[in-house]
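Top line first, the protein sequences correspond to chains A and B. The opening residue of the first sequence carries number 1384 in the working numbering; numbering runs sequentially from there. The opening residue of the second sequence carries number 233 in the working numbering; numbering runs sequentially from there.
Honestly, the hints are just simulated from the structure, not real lab data. Note that the structure is a prediction, hence the values are computed from the model and not measured. Backbone N, C-alpha and C define an ideal beta-carbon position, used for all residues, glycine too. Treat each hint with caution, since some may be false.
Stated by the list, open to error - Straight line, CA to CA, 30 Å or less: simulated DSS-like cross-link-like pairs of lysine-lysine:
{"#": "1", "chain 1": "A", "residue 1": "Lys1562", "chain 2": "B", "residue 2": "Lys609"}
{"#": "2", "chain 1": "B", "residue 1": "Lys464", "chain 2": "A", "residue 2": "Lys1417"}
{"#": "3", "chain 1": "A", "residue 1": "Lys1417", "chain 2": "B", "residue 2": "Lys609"}
{"#": "4", "chain 1": "A", "residue 1": "Lys1562", "chain 2": "B", "residue 2": "Lys489"}
To be verified - Have a look at the derived ranges for each label pair, beta carbon to beta carbon:
{"#": "5", "chain 1": "A", "residue 1": "Pro1515", "chain 2": "B", "residue 2": "Asp606", "range": "26 to 34 Å"}
{"#": "6", "chain 1": "A", "residue 1": "Pro1515", "chain 2": "B", "residue 2": "Glu654", "range": "39 to 47 Å"}
{"#": "7", "chain 1": "A", "residue 1": "Ala1508", "chain 2": "B", "residue 2": "Asp606", "range": "38 to 46 Å"}
{"#": "8", "chain 1": "A", "residue 1": "Pro1459", "chain 2": "B", "residue 2": "Pro343", "range": "21 to 29 Å"}
{"#": "9", "chain 1": "A", "residue 1": "Pro1515", "chain 2": "B", "residue 2": "Asp665", "range": "48 to 56 Å"}
{"#": "10", "chain 1": "A", "residue 1": "Pro1515", "chain 2": "B", "residue 2": "Lys609", "range": "49 to 57 Å"}
{"#": "11", "chain 1": "B", "residue 1": "Lys290", "chain 2": "A", "residue 2": "Glu1405", "range": "26 to 34 Å"}
Unchecked claim - Which residues of chain B face chain A? A partial, calculated answer using Cβ under 8 Å:
{"#": "12", "residue": "Ala263"}
{"#": "13", "residue": "Thr315"}
{"#": "14", "residue": "Ser429"}
{"#": "15", "residue": "Gly597"}
{"#": "16", "residue": "Asp643"}
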Amino acid sequence: MRRLPVYLLLDTSGSMRGERIEAVKNGLQVLVSKLRQDPFALESVWISIITFDREVKQLFPLTDLESLQLPEITTPESGPTNMGAALLKFCEQLDKELLKGSAEQKGDWRPLLFLMTDGKPSDLADFRKAVPMVKARNLGTIVGCAAGAEAQDSYLKELTDTVVHLDTADSSTLVSFFKWVSDSIGTGNKSVGTSEDIVLPAPPAEVHLIV
Amino acid sequence: MDQLRGYLIQLLQQKCQVDIVKQHPAVLEDALNSNDIIAAYQAIQDNQKNIITAMTEKMDIADIMGRHITMSNATAGKDYSYTFDFVQQGLQRMGTYEMVIPEVTGLSYDPATRTVSGKPAQQGEFRLHLRFKIGDAGEEKPFNDKEILLIVNADPKSLWKNLDSDKADPYWKEDEQSASSHMGSRKLIIASKRGRSHAHEARFRDDAFSAVFFEESQWGVIAVADGAGSAKYSRKGSQIACETVTAYFREKLTGEKLTEFEAAIRDTVNGESYAEGQKRLSALLVDLVGNGAFLAQAKIKEEADQHSAVIKDYATTLIFTLIKQFDFGYAIAAFWVGDGGAGIYNKTTNDLTVLGEPDSGEFAGQTRFLTMSDIFKDGAYATRVRFKVVKDFTALVLMTDGITDPKFQTDANLGRIEKWHELWEDLNGTNADQVKVDFTASEAEAEAALMQWMDFWSPGNHDDRTIAILY
Chain A
1384 MRRLPVYLLL
1394 DTSGSMRGER
1404 IEAVKNGLQV
1414 LVSKLRQDPF
1424 ALESVWISII
1434 TFDREVKQLF
1444 PLTDLESLQL
1454 PEITTPESGP
1464 TNMGAALLKF
1474 CEQLDKELLK
1484 GSAEQKGDWR
1494 PLLFLMTDGK
1504 PSDLADFRKA
1514 VPMVKARNLG
1524 TIVGCAAGAE
1534 AQDSYLKELT
1544 DTVVHLDTAD
1554 SSTLVSFFKW
1564 VSDSIGTGNK
1574 SVGTSEDIVL
1584 PAPPAEVHLI
1594 V
Chain B
233 MDQLRGYLIQ
243 LLQQKCQVDI
253 VKQHPAVLED
263 ALNSNDIIAA
273 YQAIQDNQKN
283 IITAMTEKMD
293 IADIMGRHIT
303 MSNATAGKDY
313 SYTFDFVQQG
323 LQRMGTYEMV
333 IPEVTGLSYD
343 PATRTVSGKP
353 AQQGEFRLHL
363 RFKIGDAGEE
373 KPFNDKEILL
383 IVNADPKSLW
393 KNLDSDKADP
403 YWKEDEQSAS
413 SHMGSRKLII
423 ASKRGRSHAH
433 EARFRDDAFS
443 AVFFEESQWG
453 VIAVADGAGS
463 AKYSRKGSQI
473 ACETVTAYFR
483 EKLTGEKLTE
493 FEAAIRDTVN
503 GESYAEGQKR
513 LSALLVDLVG
523 NGAFLAQAKI
533 KEEADQHSAV
543 IKDYATTLIF
553 TLIKQFDFGY
563 AIAAFWVGDG
573 GAGIYNKTTN
583 DLTVLGEPDS
593 GEFAGQTRFL
603 TMSDIFKDGA
613 YATRVRFKVV
623 KDFTALVLMT
633 DGITDPKFQT
643 DANLGRIEKW
653 HELWEDLNGT
663 NADQVKVDFT
673 ASEAEAEAAL
683 MQWMDFWSPG
693 NHDDRTIAIL
703 Y
C-alpha cells in the first residue's frame, strides 16, 4: 500500500481571525469531502496539517483519509506569522513520517506541500534557512498560496515556482482553491521518472498563477 | 441548631455590624426557638440548594455541548462498531439520554454496551443526536440536543468509474488483450488489462506485450512493457518496444549467428570448455540481447521524430526473455529495464531465479525507462542481461508492476520463493474471488481464466496489469 503524503501548512496568525479562518475551515471540509469521492485518494492520500502563527502546531500527523477527522482550528488575537518555523517543523515531521523506498519497504509517493498565507514570514531568518531545506527534500509539488491583498507573493516565490494568488480570501474563492488542490493531489500518483516534475492541472479563474 | 446559631451570628455581624453574642445573647437564644426564624432559615438553605443545582446543571450542559466528540469513521458496506467512553469523553454527568441515529445509516445504538454498530448502507456525512438530561433531572425538564458527526466513507470499489478510452485516437489500444500459444512442449498464456486508475479517467492501457515462437529454431521470445503513466504516448512506446524485440529476434535467431550462439550455450553447459564457453556466451548475449533492447529504443525514437514528439513522451519499461529447450534443459536469457519482475519458478524443487533487478527510486512510482539516454551508455546495459540454464521449471513468469506491486509489495520479496509459492497458489484459486487458472485445461480456457484473475482487488494498486506465464 503506497501512501501519497499531503502536507497543508496554514497561516493562523491574527489577521486570519474571523471570516478568513472560517473560510479556510470551510475550504478544508470541501477538500476532504471531495477527496473522499476520489477512489484513488481514498485509498492513498494521507494528510497532515501544520498551522502557524506565533506558535507552530502540527494538528495531526499524516493520517489516512479514511479515518481523518478535521479538528478545531483556532487563531490568536494578534502576533507574528512564523512561516519559517512552520517550514522547519514540516521538514522535521516529514523526515520522521515519510517512508522511503528500499528493498524491504515500498516507498511513499513523492509528498506534496501546500502552504497558504495572507501575509509574509515574520521570522525571515528561519524562513531563509528553511527554504533550501524544503527544496532538498525533492517533493512532488510545492504550491504556495497567497490569499488576499496583503499577502506577498515574493517570499513564496523563493520557496517554489508554483505560487498562486487569491485576490480575496473569502469563502467561495478558498473553496475553489481547495477544489483545485484536490485535483492537484489527483495527479500525484502518476508513475514518473526519477527526476521528472508533476504537472498540475490548470487553476480556476479565481486562482491566479504568478509567473 | 448549631448551624442556625452560627448562621445568625455571621449574618448580623456582616449585615448589621452587631456582635449579637455579646450585645444580645437573650435575643439570640429566643431566635433559635422561633418557628418563623427556623422556617426562614430553612427556606434560605433550600433556595441556595436550588440555585446550586440549577447552575451546576447548566454548567454540565455547557460542558457537554462544548465537547468535541468524534466517532471513528465508517465505510459503506462494512461492519462498523463504535463504543462511547462516557468518562473519557466528558459525558459522565449525563443522566437520562437517548441516541437518535438517522435510519438511513442502518446503524443502531445499544445502551447496555454504549455501542453504535451495524453496517452502513450508504456513504455520506450524518448527524447523530445525543438527547440528554443531567443527572436525575425530572421528566418535566427538556432534553438537550447535541449533534455528533458520523462520516461514512464510500466503499472505494463503488467509486471507480469505467470510462471508455478514445477509440479515435491514433494510438488507441484495446483496454484488455490476451493471448495463448505454445512454445515447444510448453504452454504460454498472457493477459493484459487496463488498470482501474486508467479506466476511471478514460485513459488508455499503457501496458503491452508480445510473444513469438520460431518453429524452425525452437526459440521463443516473450516481452512485456509498461508505459509511464506520466508520458502522453507511452502506450505506443510500450507497444513498439515489445513488437520490435520479437521482430528483431525473428531476424537474429537464424543462420550462423544462431549456430554460434547455441554452440556457446552447449559449451558452457557441458563443462569441458566451461570458462571459455562462458566468456564467449556472455559476449554473444550482451551483443544479441542488448542490441535487441537498443533497437527498441531506436524504433521509439524514430516514432517520436515522425510525430514531432520527444522520446520521453514514449517512456516505457521493458522486460523480455528468450527461451529454448535443449536436451540438457532450458536455456533462458533475459533483459530487464524498469520495474515489474521476471523469474523462473520451480515449485517442486523450491528453486527460483529472478531474471534481473527492478529499478526503483526512493519514492513510489519512480523507475527507469528504456527510453532514457543513459541506459545504453558505457555498456551499462550489460548488467541488465541475464542468462540461466535450468533442468525444468513450473513457470517462467513476466509481469509489469501492476502485478508485482500488489503481489510482491517490495523488491526484496521478489527474490523470496515463499512469495512465488503464494502467487502460484493465488493463480490456482487461493484468492478472495476464488478464480482459478486451471493450468491443466486448454490454453484458451486458461487464458480466459487468467484475464478474470486479473480483476483481483488490492487497495491502492490499480495500475495496468500484465502477466505472461509459460508453463
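Return the numbers of the hints above that this structure violates; sort them in rising order. 1, 3, 4, 8, 10, 12 and 13
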